[in-house]
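Enquirer: Produce the complete structure using the sequences and hints provided.
Protein chains: 2
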Amino acid sequence: MTTHQDCIALDAQDPLRSLRNLFNIPAGTIYLDGNSLGVMPAATPARVADTVAREWGTDLIQSWNKNGWFAMPQRVGDKIARLIGAGAGEVVATDSTSINLFKVLSAAMNMAAADAPQRKQIVSERSNFPTDLYIAEALCKQHGMELVLVEPEDIAASLTANVAILMLTHVNYRTGAMHDMVAVTAAAHAEGILTVWDLAHSAGAVPVDLTAAKADFAVGCGYKYLNGGPGAPAFVWVNPLHTDRFWQPLAGWWGHATPFEFTPDYRPAAGITRYQCGTQPIISLAALDCGVDTLLAAEAHGGMAALRAKSLALTDLFIALVEERCAGQGLCLATPRIHAQRGSQVCLSMDRSPHAPPLRGSLPPAGTPTDLGRPGGGGDSVAYAIVQALIARGVIGDYRAGDGGRHKDILRFGFTPLYIGFEDVWNAVEHLRQVLESGEWQRPEFNKKHAVT
Amino acid sequence: MTTHQDCIALDAQDPLRSLRNLFNIPAGTIYLDGNSLGVMPAATPARVADTVAREWGTDLIQSWNKNGWFAMPQRVGDKIARLIGAGAGEVVATDSTSINLFKVLSAAMNMAAADAPQRKQIVSERSNFPTDLYIAEALCKQHGMELVLVEPEDIAASLTANVAILMLTHVNYRTGAMHDMVAVTAAAHAEGILTVWDLAHSAGAVPVDLTAAKADFAVGCGYKYLNGGPGAPAFVWVNPLHTDRFWQPLAGWWGHATPFEFTPDYRPAAGITRYQCGTQPIISLAALDCGVDTLLAAEAHGGMAALRAKSLALTDLFIALVEERCAGQGLCLATPRIHAQRGSQVCLSMDRSPHAPPLRGSLPPAGTPTDLGRPGGGGDSVAYAIVQALIARGVIGDYRAGDGGRHKDILRFGFTPLYIGFEDVWNAVEHLRQVLESGEWQRPEFNKKHAVT
Numbered sequence: 000m001t002t003h004q005d006c007i008a009l010d011a012q013d014p015l016r017s018l019r020n021l022f023n024i025p026a027g028t029i030y031l032d033g034n035s036l037g038v039m040p041a042a043t044p045a046r047v048a049d050t051v052a053r054e055w056g057t058d059l060i061q062s063w064n065k066n067g068w069f070a071m072p073q074r075v076g077d078k079i080a081r082l083i084g085a086g087a088g089e090v091v092a093t094d095s096t097s098i099n100l101f102k103v104l105s106a107a108m109n110m111a112a113a114d115a116p117q118r119k120q121i122v123s124e125r126s127n128f129p130t131d132l133y134i135a136e137a138l139c140k141q142h143g144m145e146l147v148l149v150e151p152e153d154i155a156a157s158l159t160a161n162v163a164i165l166m167l168t169h170v171n172y173r174t175g176a177m178h179d180m181v182a183v184t185a186a187a188h189a190e191g192i193l194t195v196w197d198l199a200h201s202a203g204a205v206p207v208d209l210t211a212a213k214a215d216f217a218v219g220c221g222y223k224y225l226n227g228g229p230g231a232p233a234f235v236w237v238n239p240l241h242t243d244r245f246w247q248p249l250a251g252w253w254g255h256a257t258p259f260e261f262t263p264d265y266r267p268a269a270g271i272t273r274y275q276c277g278t279q280p281i282i283s284l285a286a287l288d289c290g291v292d293t294l295l296a297a298e299a300h301g302g303m304a305a306l307r308a309k310s311l312a313l314t315d316l317f318i319a320l321v322e323e324r325c326a327g328q329g330l331c332l333a334t335p336r337i338h339a340q341r342g343s344q345v346c347l348s349m350d351r352s353p354h355a356p357p358l359r360g361s362l363p364p365a366g367t368p369t370d371l372g373r374p375g376g377g378g379d380s381v382a383y384a385i386v387q388a389l390i391a392r393g394v395i396g397d398y399r400a401g402d403g404g405r406h407k408d409i410l411r412f413g414f415t416p417l418y419i420g421f422e423d424v425w426n427a428v429e430h431l432r433q434v435l436e437s438g439e440w441q442r443p444e445f446n447k448k449h450a451v452t
Numbered sequence: 000m001t002t003h004q005d006c007i008a009l010d011a012q013d014p015l016r017s018l019r020n021l022f023n024i025p026a027g028t029i030y031l032d033g034n035s036l037g038v039m040p041a042a043t044p045a046r047v048a049d050t051v052a053r054e055w056g057t058d059l060i061q062s063w064n065k066n067g068w069f070a071m072p073q074r075v076g077d078k079i080a081r082l083i084g085a086g087a088g089e090v091v092a093t094d095s096t097s098i099n100l101f102k103v104l105s106a107a108m109n110m111a112a113a114d115a116p117q118r119k120q121i122v123s124e125r126s127n128f129p130t131d132l133y134i135a136e137a138l139c140k141q142h143g144m145e146l147v148l149v150e151p152e153d154i155a156a157s158l159t160a161n162v163a164i165l166m167l168t169h170v171n172y173r174t175g176a177m178h179d180m181v182a183v184t185a186a187a188h189a190e191g192i193l194t195v196w197d198l199a200h201s202a203g204a205v206p207v208d209l210t211a212a213k214a215d216f217a218v219g220c221g222y223k224y225l226n227g228g229p230g231a232p233a234f235v236w237v238n239p240l241h242t243d244r245f246w247q248p249l250a251g252w253w254g255h256a257t258p259f260e261f262t263p264d265y266r267p268a269a270g271i272t273r274y275q276c277g278t279q280p281i282i283s284l285a286a287l288d289c290g291v292d293t294l295l296a297a298e299a300h301g302g303m304a305a306l307r308a309k310s311l312a313l314t315d316l317f318i319a320l321v322e323e324r325c326a327g328q329g330l331c332l333a334t335p336r337i338h339a340q341r342g343s344q345v346c347l348s349m350d351r352s353p354h355a356p357p358l359r360g361s362l363p364p365a366g367t368p369t370d371l372g373r374p375g376g377g378g379d380s381v382a383y384a385i386v387q388a389l390i391a392r393g394v395i396g397d398y399r400a401g402d403g404g405r406h407k408d409i410l411r412f413g414f415t416p417l418y419i420g421f422e423d424v425w426n427a428v429e430h431l432r433q434v435l436e437s438g439e440w441q442r443p444e445f446n447k448k449h450a451v452t
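If you read the sequences in order, they're chains A and B.
Here the first sequence is numbered in numbering that gives the first Met the number 0, starting from 0 and rising by one per residue.
Here the second sequence is numbered in numbering that gives the first Met the number 0, starting from 0 and rising by one per residue.
Don't take each hint at face value.
One copy or two, it doesn't matter: identical chains are merged, so the pair holds either way.
Computed cross-link-like contacts, SDA-like style, restricted to lysine to any residue with a CA-CA straight-line distance of at most 20 angstroms [claimed, not checked]:
{"no.": "1", "residue 1": "Lys-213", "residue 2": "Pro-263"}
{"no.": "2", "residue 1": "Lys-78", "residue 2": "Pro-14"}
{"no.": "3", "residue 1": "Lys-213", "residue 2": "Ile-154"}
{"no.": "4", "residue 1": "Lys-119", "residue 2": "Gln-141"}
{"no.": "5", "residue 1": "Lys-78", "residue 2": "Gln-12"}
{"no.": "6", "residue 1": "Lys-140", "residue 2": "Arg-266"}
{"no.": "7", "residue 1": "Lys-213", "residue 2": "Gly-404"}
{"no.": "8", "residue 1": "Lys-119", "residue 2": "Gly-191"}
{"no.": "9", "residue 1": "Lys-140", "residue 2": "Trp-246"}
{"no.": "10", "residue 1": "Lys-140", "residue 2": "Arg-53"}
{"no.": "11", "residue 1": "Lys-119", "residue 2": "Ala-155"}
{"no.": "12", "residue 1": "Lys-78", "residue 2": "Ala-42"}
{"no.": "13", "residue 1": "Lys-65", "residue 2": "Ile-390"}
{"no.": "14", "residue 1": "Lys-119", "residue 2": "Pro-25"}
{"no.": "15", "residue 1": "Lys-140", "residue 2": "Pro-14"}
{"no.": "16", "residue 1": "Lys-65", "residue 2": "Asn-446"}
{"no.": "17", "residue 1": "Lys-213", "residue 2": "Arg-442"}
{"no.": "18", "residue 1": "Lys-140", "residue 2": "Pro-267"}
{"no.": "19", "residue 1": "Lys-119", "residue 2": "Ser-157"}
{"no.": "20", "residue 1": "Lys-140", "residue 2": "Pro-116"}
{"no.": "21", "residue 1": "Lys-213", "residue 2": "Ala-87"}
{"no.": "22", "residue 1": "Lys-140", "residue 2": "Asn-109"}
{"no.": "23", "residue 1": "Lys-65", "residue 2": "Ile-318"}
{"no.": "24", "residue 1": "Lys-140", "residue 2": "Asp-264"}
{"no.": "25", "residue 1": "Lys-78", "residue 2": "Gln-433"}
Don't read these hints as lab results, they were simulated from the structure.
Treat the numbers as computed from the prediction; the structure is a model and nothing was measured.
Expert: If you want it as structure tokens, here you go:
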């Protein structure tokens with residue numbers, strides 16, 4: 000049995016422990032939601048204040064040159080490139096993930112239309128993050144293509160001669176299950192299919208090597224594991240083999256070859272710059288720069304490989320402690336146990352399914368309520384109530400509603416190795432044990448649905 | 000002749016003078032570039048610091064509900080609505096102007112395809128801001144339509160039965176010329192044509208009444224006259240008659256009817272919310288909120304009508320003083336003298352054309368150089384050099400290169416009535432006079448082209 004003292008000892012031995020000091024973690028909080036919104040780096044308030052008061056307030060319009068605003072999307076993009084196996088000049092930090100996905104999917108569709116016009120399908124995963132599916136659905140409607148949604152185990156079989164593009168999120172937002180990017184990309188390419196990867200839950204969370212994987216297109220999020228702040232700009236990467244070949248229709252002036260000549264006709268810039276559209280939110284971009292710096296600071300401590308080792312140790316510990324200390328409470332595990340298939344989060348469910356098997360020792364005693372009923376079809380579930388009870392205790396995870404398919408309501412816990420420690424894991428599980436054993440989660444105040452959870 | 004004392008007296012009588020205190024204007028600066036990047040409001044640093052340190056740093060993910068992040072695009076949009084004659088719930092502050100233009104133009108094209116499929120043209124102005132033309136060009140390419148570019152005097156004649164959409168920028172970015180939105184919209188509607196208005200240089204600068212004009216779609220910029228900070232989110236409005244009828248393809252999760260049910264199929268939200276796509280940059284959005292508040296503060300002093308009266312007084316004064324004090328320097332006026340045709344800026348040129356006639360008394364003595372030569376095709380012009388010499392003296396205007404058509408290189412001066420005074424105008428003209436009379440602009444350091452000017 001792992002003890003509280005064991006966890007304290009693990010923190011003391013952790014070579015990454017000092018990185019936690021790069022963040023302002025609120026007192027009394029165990030923050031297991033960095034997969035939704037990363038913690039604020041300690042350096043961010045001063046940097047943002049300087050961007051506002053000096054760069055904007057004093058230097059005003061001259062900051063576009065003097066303070067390098069003009070090249071910020073590329074400069075921050077170059078830093079992100081180091082985290083995802085991309086080269087300098089291959090990434091821009093810009094717009095939102097949804098909008099960047101629209102750009103790369105458009106470019107991939109233009110490319111497929113030129114190279115393989117008979118291919119009319121885009122394949123994705125049914126449980127992909129919905130905005131990715133919405134954007135793909137919109138583009139399919141415009142391009143006369145078909146969006147085919149499959150379960151993960153059916154992806155290989157779906158890669159036929161009718162398929163133009165395989166669009167996947169590397170780490171599933173709901174279950175934390177991770178695809179083998181190298182193998183899946185190779186399988187797609189073997190069938191002549193382009194790959195588009197959404198790295199929202201993997202950039203800064205797990206090692207990614209887009210170059211080694213020979214991926215075609217990728218997008219990702221700035222405000223999760225990159226700690227860029229709420230709604231931070233996202234990023235976009237295109238394999239240099241393709242960048243200059245294909246056009247995307249969000250063809251605004253910032254993607255023009257010579258934007259300040261103000262010519263009436265569009266000529267795309269060389270390279271990834273053509274994936275820019277309009278002026279970017281500089282203040283939010285400055286915060287993103289600070290966030291990315293926290294990950295680059297880990298390079299001196301082993302970088303993404305060391306972060307990954309710690310992440311797996313944290314998620315392994317969480318699973319083991321839940322099994323040991325929350326036995327008999329009916330908790331099921333929606334996240335794969337196999338390391339190579341797991342991102343940096345662990346998802347639990349109170350609703351058993353083949354895809355969320357009961358944890359060891361967790362079958363509940365007869366008569367345990369497993370559902371409070373769900374008026375209005377949403378959210379008043381056991382998982383929701385447990386998450387609310389934990390938040391009231393300062394353990395911040397989140398809840399995701401069932402998708403009407405194989406995935407039931409879940410409790411989602413993200414483990415950001417930059418700032419989460421082993422004792423945090425102990426304390427989180429201890430709170431979970433108390434919430435479950437006391438029945439505290441059944442209090443009425445924990446069963447109200449908020450707009451965002 | 001107007002004197003320096005007259006200008007001081009005009010400031011003393013100005014009922015809007017106190018609004019200047021809402022801004023931090025750098026000492027020694029006369030900032031005539033609020034049409035490119037508005038000055039920082041005094042309230043912004045504290046508001047941004049609070050958004051970063053308390054809302055993000057302390058409240059973290061709970062801020063989406065607790066601090067109202069979720070509804071910020073609508074809340075700020077409702078404030079902007081008051082400045083442009085739109086109703087509450089009709090505007091969202093989101094994404095960039097280019098991207099919002101893509102959304103409304105897509106919706107307008109879908110609407111035209113349903114209602115009048117034989118109409119295959121979009122008409123715009125050749126000297127419209129280029130990003131608008133690039134976005135329209137991209138969409139025309141996708142939809143099998145044609146972008147027809149005309150000079151402003153030819154717009155009326157171009158409104159034929161082949162035209163689906165008339166897309167115009169209300170106030171021209173280069174000349175400050177303003178369209179009569181009511182008359183032009185009525186003329187378009189009389190021919191069965193939809194109107195899309197870009198308010199980048201009019202929202203917060205001149206009175207706009209989209210409802211009275213019966214306009215169909217509009218977008219605008221947050222970082223010019225709205226003082227929202229560098230790259231602040233833009234805004235989008237759709238006439239309530241059309242909002243729910245038509246779909247736009249940037250169909251991300253934030254525009255979904257129930258984004259947190261995470262359903263795999265897209266169902267657009269009711270109303271303007273369907274013009275949202277992904278998560279917005281909250282820190283930059285907080286700054287925009289402060290910027291818009293400075294305009295709402297003017298409501299107690301007569302609002303946009305009072306700001307307009309002062310703006311015209313400032314631009315009239317600037318023109319008159321340049322005529323009086325910069326005689327013989329060859330300056331031409333690219334901005335209309337007629338009030339109803341003028342935005343809140345004045346543009347001068349050293350290159351005479353029918354569209355930039357010489358100012359009274361400004362014909363230069365024989366032998367005055369009118370061009371330094373333009374190596375590399377761009378920017379090393381007299382206008383550029385004069386702007387640089389003025390900037391070195393703390394008078395911040397900007398330079399815009401000729402467009403190869405009727406518009407020559409210009410010196411552009413924006414007059415933001417919230418914070419520019421009559422003595423500022425006097426001083427700016429006095430610096431201009433000295434720069435021209437001394438030949439200071441011919442110094443080599445003023446003839447180097449920067450990336451952004």
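Enquirer: It remains to establish, for every hint, whether it holds in the given structure.
Expert: Right, here's what the structure says about each hint:
no. : hint              : verdict
1   : Lys-213 x Pro-263 : neither (36 angstroms within a copy, 28 angstroms between copies)
2   : Lys-78 x Pro-14   : neither (23 angstroms within a copy, 50 angstroms between copies)
3   : Lys-213 x Ile-154 : within (18 angstroms within a copy, 50 angstroms between copies)
4   : Lys-119 x Gln-141 : both (12 angstroms within a copy, 17 angstroms between copies)
5   : Lys-78 x Gln-12   : neither (29 angstroms within a copy, 53 angstroms between copies)
6   : Lys-140 x Arg-266 : between (27 angstroms within a copy, 14 angstroms between copies)
7   : Lys-213 x Gly-404 : neither (32 angstroms within a copy, 45 angstroms between copies)
8   : Lys-119 x Gly-191 : within (13 angstroms within a copy, 36 angstroms between copies)
9   : Lys-140 x Trp-246 : both (19 angstroms within a copy, 11 angstroms between copies)
10  : Lys-140 x Arg-53  : neither (47 angstroms within a copy, 43 angstroms between copies)
11  : Lys-119 x Ala-155 : within (17 angstroms within a copy, 43 angstroms between copies)
12  : Lys-78 x Ala-42   : within (17 angstroms within a copy, 32 angstroms between copies)
13  : Lys-65 x Ile-390  : between (44 angstroms within a copy, 13 angstroms between copies)
14  : Lys-119 x Pro-25  : neither (50 angstroms within a copy, 58 angstroms between copies)
15  : Lys-140 x Pro-14  : neither (51 angstroms within a copy, 55 angstroms between copies)
16  : Lys-65 x Asn-446  : between (52 angstroms within a copy, 17 angstroms between copies)
17  : Lys-213 x Arg-442 : neither (51 angstroms within a copy, 52 angstroms between copies)
18  : Lys-140 x Pro-267 : between (25 angstroms within a copy, 15 angstroms between copies)
19  : Lys-119 x Ser-157 : within (13 angstroms within a copy, 39 angstroms between copies)
20  : Lys-140 x Pro-116 : both (16 angstroms within a copy, 18 angstroms between copies)
21  : Lys-213 x Ala-87  : within (16 angstroms within a copy, 49 angstroms between copies)
22  : Lys-140 x Asn-109 : both (14 angstroms within a copy, 12 angstroms between copies)
23  : Lys-65 x Ile-318  : neither (51 angstroms within a copy, 31 angstroms between copies)
24  : Lys-140 x Asp-264 : between (27 angstroms within a copy, 13 angstroms between copies)
25  : Lys-78 x Gln-433  : neither (42 angstroms within a copy, 46 angstroms between copies)
In summary, the numbered hints that this structure violates are 1, 2, 5, 7, 10, 14, 15, 17, 23, 25.
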